[in-house]
Amino acid sequence: MSVRHALLALLSEGPKYGLQLRQEFEESTGEVWPLNVGQVYTTLQRLERDELIESDDGEAEAGPQKAFRITGAGREELESWLSTPPDMTSPPRDELVIKVLAALRVPGVSVHDVIQAHRRYLVELMQQWTRLKEDEADFDLTFALVGDAELFRLDSVVRWLDAADGRLKRAELEAPGLKTGPIFRRRLVAPR
Amino acid sequence: MSFLELRMVSKSYGAGAAEVEAIRDVDLSVERGSLVAVMGPSGSGKSTLLTIAGSLEDPTRGEVVIGGRSLSVMSRNDKARLRRRTVGYVFQDFNLLAGLTAGENVALPLELDGVPARRARSAGVSALEQLGIAERAERYPDELSGGERQRVAIARAVVGERSLLLADEPSGALDSTNSEAVMRMILAACRRGVAAVVVTHDAQLASWADRVVFIRDGRIVDQTVPPPAPESLLEDVTGPSQQR
Numbered sequence: 001m002s003v004r005h006a007l008l009a010l011l012s013e014g015p016k017y018g019l020q021l022r023q024e025f026e027e028s029t030g031e032v033w034p035l036n037v038g039q040v041y042t043t044l045q046r047l048e049r050d051e052l053i054e055s056d057d058g059e060a061e062a063g064p065q066k067a068f069r070i071t072g073a074g075r076e077e078l079e080s081w082l083s084t085p086p087d088m089t090s091p092p093r094d095e096l097v098i099k100v101l102a103a104l105r106v107p108g109v110s111v112h113d114v115i116q117a118h119r120r121y122l123v124e125l126m127q128q129w130t131r132l133k134e135d136e137a138d139f140d141l142t143f144a145l146v147g148d149a150e151l152f153r154l155d156s157v158v159r160w161l162d163a164a165d166g167r168l169k170r171a172e173l174e175a176p177g178l179k180t181g182p183i184f185r186r187r188l189v190a191p192r
Numbered sequence: 193m194s195f196l197e198l199r200m201v202s203k204s205y206g207a208g209a210a211e212v213e214a215i216r217d218v219d220l221s222v223e224r225g226s227l228v229a230v231m232g233p234s235g236s237g238k239s240t241l242l243t244i245a246g247s248l249e250d251p252t253r254g255e256v257v258i259g260g261r262s263l264s265v266m267s268r269n270d271k272a273r274l275r276r277r278t279v280g281y282v283f284q285d286f287n288l289l290a291g292l293t294a295g296e297n298v299a300l301p302l303e304l305d306g307v308p309a310r311r312a313r314s315a316g317v318s319a320l321e322q323l324g325i326a327e328r329a330e331r332y333p334d335e336l337s338g339g340e341r342q343r344v345a346i347a348r349a350v351v352g353e354r355s356l357l358l359a360d361e362p363s364g365a366l367d368s369t370n371s372e373a374v375m376r377m378i379l380a381a382c383r384r385g386v387a388a389v390v391v392t393h394d395a396q397l398a399s400w401a402d403r404v405v406f407i408r409d410g411r412i413v414d415q416t417v418p419p420p421a422p423e424s425l426l427e428d429v430t431g432p433s434q435q436r
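Residue numbers (my numbering), protein chains in the order written: chain A, 1 to 192; chain B, 193 to 436.
Chain A on its own, in the form it takes in the complex (with noise of 0.2 Å):
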């Protein structure tokens, strides 16, 4: 997520001090996100320079005094920006694909054993996301929305593992002793 876009958004709601938009930014993402006072002001200062966002008095320095609001410009990137997909985009170099691919080539690993050592961690992750949105789901809605992403996120994860389990132990039924061809035997590329 962009801290430029993030504070945009804080600043569509009507004017704010530069502290106060610090506080609410984390507030907004859930507290997981906790962001150090210069990377606000730095930001500040860079949206002022482009025109996306103007304060009272533009030659005093970006401090917890100074109020900022949002430009007409300001409002047209943030509007573009929500509406924009995020690169979704990204070539298979996942290190937990790589890791399930390697382990089919070392002699004496199995497979299945790697691939449970991971899945026991993403669902033991998947526990305390659990734990904190039974604590926090009734009266902090950010923070519900916070956990369902990184839980379905996580899960996803769990689903391809499982998935891969299923497809490998069909594998070995059918053609026992089966060795995998070198990886990627084609090549993958990414959809523009």
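FYI, nobody ran anything at the bench for these hints, they're computed from the structure.
With the Cβ distance kept under 10 Å, some of the chain B side facing chain A (calculated, not the full set):
id	residue
1	S368
2	R376
3	L379
4	V404
5	F406
Ideal Cβ placement from N, Cα and C applies to all residues, glycine included.
Following the hints, position chain B against chain A.
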């Protein structure tokens, strides 16, 4: 002390060359007040484990102990009584009786156990109240939504003094909001002192449990370590605190 204990439990079906071992040498213990999830793919033996834990089936080898009593020394009648009084089941497809209202479905296990109808009904309504659907008590299952039917099924499983709750894919085909509601209810029952086992292939459901046990090809292969306090996760996510 554990309320439910499986000791080296195995279950085979068929004989000779056709023998299939559904579960093998399973050890599992569940304390009162705790929720254990058994997670595994289809065909891993997790449903067999649950039916044996609930005395619906006998193990081929090994021992099942519920509330300090071994099932192997119980008569059929003793086991039937145990199932009526102590064990509650939640199934994926709810298994509500279509000809009975929600309230009657929930009261049924008590009535079968000889509790007078009026008392059974009022216990049923209070179980439905706890799950927030007392006003649906007079409706029939086909007049309820999927989420409501599953709440009725959970109320039926915890009504009276049940102390062991066994659930097989309890969120069935429910959406994620309703699935979460189902797990919150099961967890709430645990926090009141019930021992619960949920079997599922779904990591999100399993993550509600205090402990997740992984089953593969009929064997328990791994389990999670109890999750640390939530604060440590926040530390993890955010990294060392930054200078303010």
